[in-house]
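Asker: Which chain is which? The protein sequence lines are A and B, in order. Using this note's numbering, the final residue of the first sequence is 97, and nothing's skipped along the way. Using this note's numbering, the final residue of the second sequence is 114, and nothing's skipped along the way.
Possibly wrong hints are sitting among the right ones.
[What the hints assert, rightly or not] DEER-style ranges, computed between Cβ atoms:
1. B/LYS71 - A/ASN67: 38 to 46 Å
2. A/SER38 - B/THR48: 26 to 34 Å
3. A/GLY1 - B/GLY19: 49 to 57 Å
4. A/GLN13 - B/LYS101: 48 to 56 Å
5. A/GLU39 - B/THR29: 40 to 48 Å
[Unchecked claim] Derived, one-sided and incomplete: chain B residues facing chain A with beta-carbon distance under 10 Å:
6. TYR39
7. PHE68
8. SER96
9. GLY107
Hints listed in this document are in silico derivations from the structure and should not be mistaken for laboratory results. Keep in mind the model is a prediction, meaning the values are calculated, not measured. Ideal Cβ placement from N, Cα and C applies to all residues, glycine included.
Spelled out, the chains give:
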Amino acid sequence: SAVISQKPSRDICQRGTSLTIQCQVDSQVTMMFWYRQQPGQSLTLIATANQGSEATYESGFVIDKFPISRPNLTFSTLTVSNMSPEDSSIYLCSVPYTDTQYFGPGTRLTVL
Amino acid sequence: DQQVKQNSPSLSVQEGRISILNCDYTNSMFDYFLWYKKYPAEGPTFLISISSIKDKNEDGRFTVFLNKSAKHLSLHIVPSQPGDSAVYFCAASEDFNKFYFGSGTKLNVKP
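Produce the complete structure using the sequences and hints provided.
Answerer: Spelled out as structure tokens, the structure:
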């Protein structure tokens, strides 16, 4: 299995600020994904982080709001910019590995 | 438009009995299906998968059934244990990259 870690595990932020979430995988993987789980809802894909090229965003998500970096095959960051209370969610990274997708433990973000 | 649906938000089962969690999808191009378990404050944990070439996959107490014609899959847990109490998500994908998730079913296994 792939072991995935995320930092920070949780944070409380003020409206208008930005937070960068880190995702580290213990294996080299071509693709990494960023998901969001809003309170009481399912997981929604934000974007695909591709190493060596720009991230691919899903409908409803834009690069200015959620810039993503992918400097190498084991690491990615997601920034939540100019935060509002509606951004309060759990943010998760995931990677496809062998026969499934593995998820990180998530970053619980609360925006006041 | 939600492509994967879990119509039961919650399920309560007695310990030792069978838990059946259901999932429906609309996209006939989905070929890969996964079930995850999620505890509060943790990331989803992979449970079991099935591809469209199969109609059943079994792993210990967990069995997933796929009915492609009905666009329906289910997860059976036998026997259910209190430690199984969690939120269960089904997910589906065409290409094993982008997955669509259901809204989850909260399972409560009573001792």
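Asker: All the hints need checking, so say for each whether the structure fits it.
Answerer: Hint by hint, here is what the structure shows:
1. Separation of B/LYS71 from A/ASN67 is about 44 Å and conforms to the stated range, judged on CB atoms against 38 to 46 Å.
2. Taking the beta carbon of each, A/SER38 and B/THR48 are about 30 Å apart, inside 26 to 34 Å as hinted.
3. For A/GLY1 and B/GLY19, the Cβ-Cβ distance of about 53 Å falls inside the hinted range of 49 to 57 Å, so the restraint holds.
4. Distance hint for A/GLN13 and B/LYS101: a CB-CB separation of about 21 Å, inconsistent with the stated range 48 to 56 Å.
5. A hinted range of 40 to 48 Å is violated for the C-beta pair A/GLU39 and B/THR29, which are about 30 Å apart.
6. The beta carbon of B/TYR39 comes within 8 Å of a beta carbon in chain A, closer than 10 Å, and the hint placing it at the interface holds.
7. Hint status for B/PHE68 relative to chain A: violated, with the closest Cβ pair at about 18 Å, above 10 Å.
8. Given the 10 Å rule on beta carbons, the hint for B/SER96 holds: about 8 Å separates it from the nearest Cβ of chain A.
9. Below 10 Å, beta-carbon pairs count as interface contacts, and B/GLY107 has one with chain A at about 6 Å; its hint therefore holds.
In summary, the structure is inconsistent with hints 4, 5, 7 from the numbered list given earlier, while agreeing with the others.
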